[in-house]
Structures are given as structure tokens and as C-alpha cells.
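A.B. asks: Sequence:
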Amino acid sequence: MVAKYKKALFLKTKNIGDSIILTASIAGLPKQYRYVDVICFPESKAIFQMNQRVRHIFVIPRDKKGIKKIAAYIKLFKQLFKERYDLLAHFSIDWRGAVLSRLFRADISVSRKTPRRGLFWHRSFNFLAPVLDHIRPMAEQDVDLLRAANLYKKSAAPAYELHILNKQKNKLETWLHNHHIQSKNKLVVIHAASRWKFKEMPTPTWAKIIDILKSHKIDVVVSGSDDDEKTNQLIYNHSQLKPVLTQNFTLQDTATLYALADLVLTIDSMSTHLASAVKTPVISIFGPTNEKNWGPWKGKYQVIGLSQDDAEMFKCRPCGRDGCEGSKISQCLVQMDSEKVVEQALRILQVD
0 MVAKYKKALF LKTKNIGDSI ILTASIAGLP KQYRYVDVIC FPESKAIFQM NQRVRHIFVI
60 PRDKKGIKKI AAYIKLFKQL FKERYDLLAH FSIDWRGAVL SRLFRADISV SRKTPRRGLF
120 WHRSFNFLAP VLDHIRPMAE QDVDLLRAAN LYKKSAAPAY ELHILNKQKN KLETWLHNHH
180 IQSKNKLVVI HAASRWKFKE MPTPTWAKII DILKSHKIDV VVSGSDDDEK TNQLIYNHSQ
240 LKPVLTQNFT LQDTATLYAL ADLVLTIDSM STHLASAVKT PVISIFGPTN EKNWGPWKGK
300 YQVIGLSQDD AEMFKCRPCG RDGCEGSKIS QCLVQMDSEK VVEQALRILQ VD
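To convert, note that position 306 of the sequence shown is 305 in numbering that gives the first Met the number 0; the numbers rise steadily by one, no gaps.
There may be inaccurate statements among the hints.
With a straight-line Cα cutoff of 25 angstroms, these simulated PhoX-like cross-link-like pairs (lysine-lysine) come out [unchecked claim]:
#1 LYS13 <-> LYS67
#2 LYS166 <-> LYS68
#3 LYS339 <-> LYS297
#4 LYS170 <-> LYS64
#5 LYS213 <-> LYS183
#6 LYS183 <-> LYS216
#7 LYS291 <-> LYS327
#8 LYS74 <-> LYS64
#9 LYS168 <-> LYS278
#10 LYS291 <-> LYS339
#11 LYS339 <-> LYS241
#12 LYS166 <-> LYS44
#13 LYS112 <-> LYS77
#14 LYS63 <-> LYS216
#15 LYS5 <-> LYS63
#16 LYS77 <-> LYS63
#17 LYS44 <-> LYS153
#18 LYS168 <-> LYS299
#19 LYS185 <-> LYS153
#20 LYS299 <-> LYS153
Honestly, the hints are just simulated from the structure, not real lab data. None of the values given here were measured: they were computed from a predicted structure.
Construct all of the structure, not just a fragment, from the sequences and the given hints.
C.D. replies: Set out below in C-alpha cells:
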């Protein structure tokens, strides 16, 4: 008798980095769930397009307003009702997942406990994972939902999974060639900017890192979204030995660039997870945020963060605040030693 293939719906209405983390749970789902559909924010759609197990991607119409937004939600719900899912897993804590769970009545519905919601919300699911903690990686805590529903029994979560198409590789190899980046040299890709400024290091620190790396005949590309161009241009202007800057890159372009690099050097951002997902070594620099939750996952990596071993003033790290005393400036990043970062980079690259 042929086993019936099942359908799963995963909801994660969070940022791009969170969506990359979700690919570990997609990898951990039992194979009888042949079809995995995802509900996400628009900016995360490209992530799930690079995951070979995802079938349909449904986008939350957060960019629409008024009647257009209502119409978009009605269309979304109609599409979802056609599917009859066997599993609904809600990895966020917003009300959309609870409403869908009550409407769909999937055989298995699971989310996590949260002090931010009441009894009605928690009773919308027939399994609940533990409350988030500050100790374990988010990949593990996402997979806790599958564990709670008895769908995953291993002690460690799987690696992230993103697939880069050959045509994307060819496109980026041509781009590198056109920017005189030679395959005989090591390639480091830097992601320095964040929409949360308290996560950033000063521009002169990055410029010094770039100058030292390039003095070792290492090629350097500074990447980022269109919103990061101003920060990246400032870094370029401060550098004596100029890096290459990306422009108008899609998320797929950036993922492919990371896959072709020898090392990704980044602050705490989605780039940490993107590098892990394409299996490229990564150095992730943390300030006030907690690397135990948000650090790289599997693969070769190094986390750099100042502590009281460096100076007594850093014993508060990670504080989880938006800069020292709400200033949006984090001294544990302002005072990061560029040579300390380069030392770790050269060690991973095996360059003298």
C-alpha cells in the first residue's frame, strides 16, 4: 500500500534572517510531508525560492493598505483553504497563525508558548513548544515545534538549506571577473551595515580591516541592500586600498556571492545566517545582541565579541539594548580592535 503524501504549512512572519533559520525546520520535517508551503513577509520570499523543498510561497500583504489589503487577505485565505493541510506550524506569535489554525483544523497544529498571548491563543494549537530562552540557538528553538509535535526526535537541529542555481553562479562569476577579482586570490565578502545602527562598527574600523586584508592580496567585496549603500560608500571612501561595492544585488545574487567567497565577515545580521546556509565560513561580530541565540549555525565559523576578559566595561555584554544607555551606539563595537578581527580572518583563510 502506497503511503499518503502529506502537506505542511509553515508560518514565519519575521525578518529575512529568521526565514533562513526556518530552513533548518523545513529540513527536519519527515519526508512523508512531500509538500511544504510557507507564509512569510514579502522580503523573505526569495529565501524560500532557494529552498528546494518549498512548493508554494504565500506572502503577507503588509505593503498594501485599506481595501487593497483586505482584498489581498481574502485572496490569500481562499488559496489556503483549497489545500487542506495535514500540519500547520506557526513559528511566530502573531494572531494570523492562531486564526488559521482554528479555521483549518489541521490534524497537527503547533506553535510555542509565549507570555505575550492568553488562553485563547494557546488553545488554538494542539501542541506547544517551550517558551524561547536565551541559551540555545534559534535553529534549535524553531525545531522545538517539530519535537513538541513528535515529528523530530534527533538531539540536534539540521543545517540550513538553500540551493544556488548554476545560472546564478555563472552570473556572479562573470560579475567578479568584470570587477577584476581573480580566482587565484582569496575572496572575503563584508557585510557591515544594519538598519539597527547599534549593531554597526565604526566606518574607520572597517576601512582598516579592508586595508589590512588587501595588503595580504585578498580580494574584498562589500555587500548590502540598497538601503546599505550610504554606509558602504563611506567605508569605501575611508579605505586606502579600495574594495569592490555591490549595487542593485538581489537576495539570490548576494547568496551566490557568499557561496563563491572564501569567507564572509559580518556583523550580527541576516548575513550570518545566509553564509551558514550556503556553507561558507563566516566570522560574525556581536555587540549587545546574544550570539548564543543568533550566532552562525553549523559549518565553519568564528564569533567575535568583547567581554570582561578584554575590559571590565564590557562585562555587561550582551545586554540586549539598543546601544549604551539608549544612545544607539554600542561601545563594545566602537572599541572593537580591527587587528583582532583580521587575525581571525587570516587564520580561517590560512593566510600568513
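A.B. asks: If a hint holds in the structure, say so; if it does not, say that too.
C.D. replies: Comparing the hints with the structure gives:
1. For a cut-off of 25 angstroms, the pair hint linking LYS13 to LYS67 stands: about 22 angstroms separates their Cα positions.
2. About 35 angstroms separates the Cα atoms of LYS166 and LYS68, which puts this hinted pair outside 25 angstroms; it is violated.
3. For a cut-off of 25 angstroms, the pair hint linking LYS339 to LYS297 stands: about 23 angstroms separates their Cα positions.
4. With a C-alpha separation of about 37 angstroms, the suggested pair LYS170 and LYS64 falls outside the 25 angstroms cut-off, and the hint is violated.
5. About 14 angstroms separates the Cα atoms of LYS213 and LYS183, which keeps this hinted pair within 25 angstroms; it holds.
6. Distance check on the hinted pair: LYS183 and LYS216 sit about 10 angstroms apart at the alpha-carbon level, within 25 angstroms; holds.
7. Using a Cα cut-off of 25 angstroms, the hinted pair LYS291 and LYS327 holds, with the two alpha carbons roughly 22 angstroms apart.
8. Simply put, LYS74 and LYS64 have alpha-carbon atoms about 15 angstroms apart, close enough for the 25 angstroms limit, and the pair holds.
9. With a C-alpha separation of about 15 angstroms, the suggested pair LYS168 and LYS278 falls inside the 25 angstroms cut-off, and the hint holds.
10. As the CA atoms of LYS291 and LYS339 are separated by approximately 21 angstroms, the hinted pair is consistent with the 25 angstroms bound.
11. For the hint linking LYS339 to LYS241, the alpha-carbon distance of about 21 angstroms falls within 25 angstroms, and the restraint holds.
12. Straight-line distance between C-alpha atoms of LYS166 and LYS44 comes to about 19 angstroms, which keeps the hinted pair within the 25 angstroms bound.
13. Taking the CA atoms of LYS112 and LYS77, the gap is about 28 angstroms. The hint is violated against a cut of 25 angstroms.
14. Our distance criterion of 25 angstroms between C-alpha atoms is broken by LYS63 and LYS216, whose separation comes to about 48 angstroms.
15. Among the hinted pairs, LYS5 with LYS63 is inconsistent with the structure: their alpha-carbon atoms are about 32 angstroms apart, more than 25 angstroms.
16. Restraint check for LYS77 and LYS63: satisfied, since their Cα atoms lie roughly 18 angstroms apart, inside the 25 angstroms limit.
17. Among the hinted pairs, LYS44 with LYS153 is inconsistent with the structure: their alpha-carbon atoms are about 28 angstroms apart, more than 25 angstroms.
18. For a cut-off of 25 angstroms, the pair hint linking LYS168 to LYS299 stands: about 22 angstroms separates their Cα positions.
19. As the CA atoms of LYS185 and LYS153 are separated by approximately 37 angstroms, the hinted pair breaks the 25 angstroms bound.
20. Among the hinted pairs, LYS299 with LYS153 is consistent with the structure: their alpha-carbon atoms are about 22 angstroms apart, no more than 25 angstroms.
Hints 2, 4, 13, 14, 15, 17, 19, counting from the list given before, are not met by this structure.
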